[in-house]
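As a plain string of letters, each chain reads:
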Amino acid sequence: MKTEASGGPTLVIPCSGIGKVHGLISREATYEIVDRLAPDTTDTLCLALLVTGDEEALAKVRSHSCITIDGCPKACSQKNVEMAGGQVTEAVRVVDAFKNHRGAQPGTATKLSEEGWTIVHEIADETARAIRGETTGGDTQDAQ
Amino acid sequence: MKQRARSAAKRREATLKMPNEETLKVGVISCSGEEIAEGTISRLATRRVLELLRPGQAVTICLPLFLSGGQEERDFARRHPTIAVDGCSKRCAKRGTEMHSGPVNVSLVVSEILNGKCGGCSRSAKSQSEVDKEAIWRVSERIAAEIDALLAQNSQAECGEESDAACACTRPVPGGSLEIDGRTVTVAGLPLIFEHLAESGLAADDSSADRLLETVRIYHPIEPGEEQAYKSSLVEAYKHYRGQT
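Sequence order for the protein chains is A and B. For this note's numbering, add 256 to where a residue sits in the first sequence, where the first one is 1. For this note's numbering, add 26 to where a residue sits in the second sequence, where the first one is 1.
So here's chain A without its partners, still in its complex pose (with noise of 0.2 Å):
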């Protein structure tokens, strides 16, 4: 983590995946971190920003760290964020979280199940700990 680089908060960013459970996870997880665990020194910012070139938004992502939390595997997040010149300091997939959730019924892309949501609690810990510098991020995986 390289968060002390950033001259302000660190931006959460998920993918918001629409097609996929995986994507309302990565945004729950998100709304969980900077709303409720670290609204202090976190914040988010509409992916679909980036997707079109805004200035601001671009401005936004080269000059903080980012996080990503993507849904799955084509990164969506990681790769927009990276294409408009930020910096992804730490790259979260929540399909690997499902890896201590085997056989797991986390609801659908609308809505989250008990189960879900506690992979939402989990996602979000585990990054909210990684911000705050107390570990390395467990499942997440670094970005290169």
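Because the hints were derived from the structure by calculation, they are not lab data. Owing to the predicted nature of the structure, the values given are computational and were not obtained by experimental measurement. Mixed in with the good hints there might be a few duds.
In silico lysine to any residue, SDA-like type, Cα no more than 20 Å apart, as pairs [unchecked claim]: (1) K367/A / S153/B; (2) K367/A / K116/B; (3) K152/B / R292/A; (4) K316/A / I62/B; (5) K367/A / R74/B; (6) K330/A / E221/B; (7) K335/A / E99/B; (8) K159/B / K316/A; (9) K257/B / E221/B; (10) K367/A / K159/B; (11) K116/B / E312/A; (12) K367/A / A151/B; (13) K276/A / Q83/B; (14) K152/B / T364/A; (15) K152/B / K316/A; (16) K276/A / L78/B.
Following the hints, put chain B in place on chain A, whose structure we already have.
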């Protein structure tokens, strides 16, 4: 007026690009903007349309996938007539789709549809309230109506007609049936209208007739002379629905 004509011409142009029956699905692309509640509404309303209101008639794709995906993703808006659903006036879904895939046929903005009435809405599903549910309902109904219009327009284009009238014979109208003066009438999305009213606490008795009529009328034309028949039929259908749930 000129803008509407241009918009209609643009829609016709896009629908005429569709090559065959396999592509008769409307693409719905939401911005899913993470920073604002309207982004969450755009995402959930799109999901509702895909799952409940127009299943089988609409498809979606993750907006960021245009940049990180391959050619197949980038061809999305060229293969489907497309509706962009944006949370705010920045219209990222519209602009992103048009930059990386192709022109959209319809551009919707959640904040405009709700006319500023989403102040109490939440970004996280965890904090979702009745206000959020109502907002999602309204936006999803609007998306569904645009899908119907695009599909009808496409049918018309396939028939080679120039009229503005929709091709009702092929227009999809999934929903519930009512008996009105001895004939069967299909009301699009009726089970979902009932679900919504039930969630808002509407009683399953005769006192609900006016509210039922008023709500259904938003989505389904009802002649003044048919109001009483609709009220009776709707109350019975709603009682039946509540008995099942």
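How the hints compare with the structure:
In summary, the hint linking K367/A to S153/B is supported, as the alpha carbons are separated by about 13 Å, within the 20 Å threshold. Straight-line distance between C-alpha atoms of K367/A and K116/B comes to about 27 Å, which puts the hinted pair past the 20 Å bound. Restraint check for K152/B and R292/A: the C-alpha separation of about 12 Å stays at or below 20 Å, so the hint holds. With a C-alpha separation of about 17 Å, the suggested pair K316/A and I62/B falls inside the 20 Å cut-off, and the hint holds.
Restraint check for K367/A and R74/B: satisfied, since their Cα atoms lie roughly 11 Å apart, inside the 20 Å limit. Under the criterion of a C-alpha separation no larger than 20 Å, the hint pairing K330/A with E221/B is inconsistent with the structure, at around 36 Å. For a cut-off of 20 Å, the pair hint linking K335/A to E99/B stands: about 15 Å separates their Cα positions. Taking the CA atoms of K159/B and K316/A, the gap is near 32 Å; set against the 20 Å cutoff, the hint is violated.
A hinted pair counts as satisfied when its Cα atoms are at most 20 Å apart, and K257/B with E221/B qualifies at roughly 17 Å. Under the criterion of a C-alpha separation no larger than 20 Å, the hint pairing K367/A with K159/B is consistent with the structure, at around 13 Å. Note on K116/B and E312/A: the hinted pairing holds, with a Cα-Cα distance of about 12 Å set against a maximum of 20 Å. Using a Cα cut-off of 20 Å, the hinted pair K367/A and A151/B holds, with the two alpha carbons roughly 8 Å apart.
For a cut-off of 20 Å, the pair hint linking K276/A to Q83/B stands: about 19 Å separates their Cα positions. For the proposed pair K152/B and T364/A, the alpha carbon gap of about 15 Å is at most 20 Å, so the pair holds. Proximity of K152/B to K316/A is assessed by CA-CA distance (about 28 Å); at most 20 Å being required, the pair is judged violated. Of the supplied pair hints, the one linking K276/A and L78/B holds, its CA atoms being roughly 16 Å apart against a limit of 20 Å.
Checked against the numbered hints listed earlier, the structure breaks hints 2, 6, 8, 15; every other hint is satisfied.
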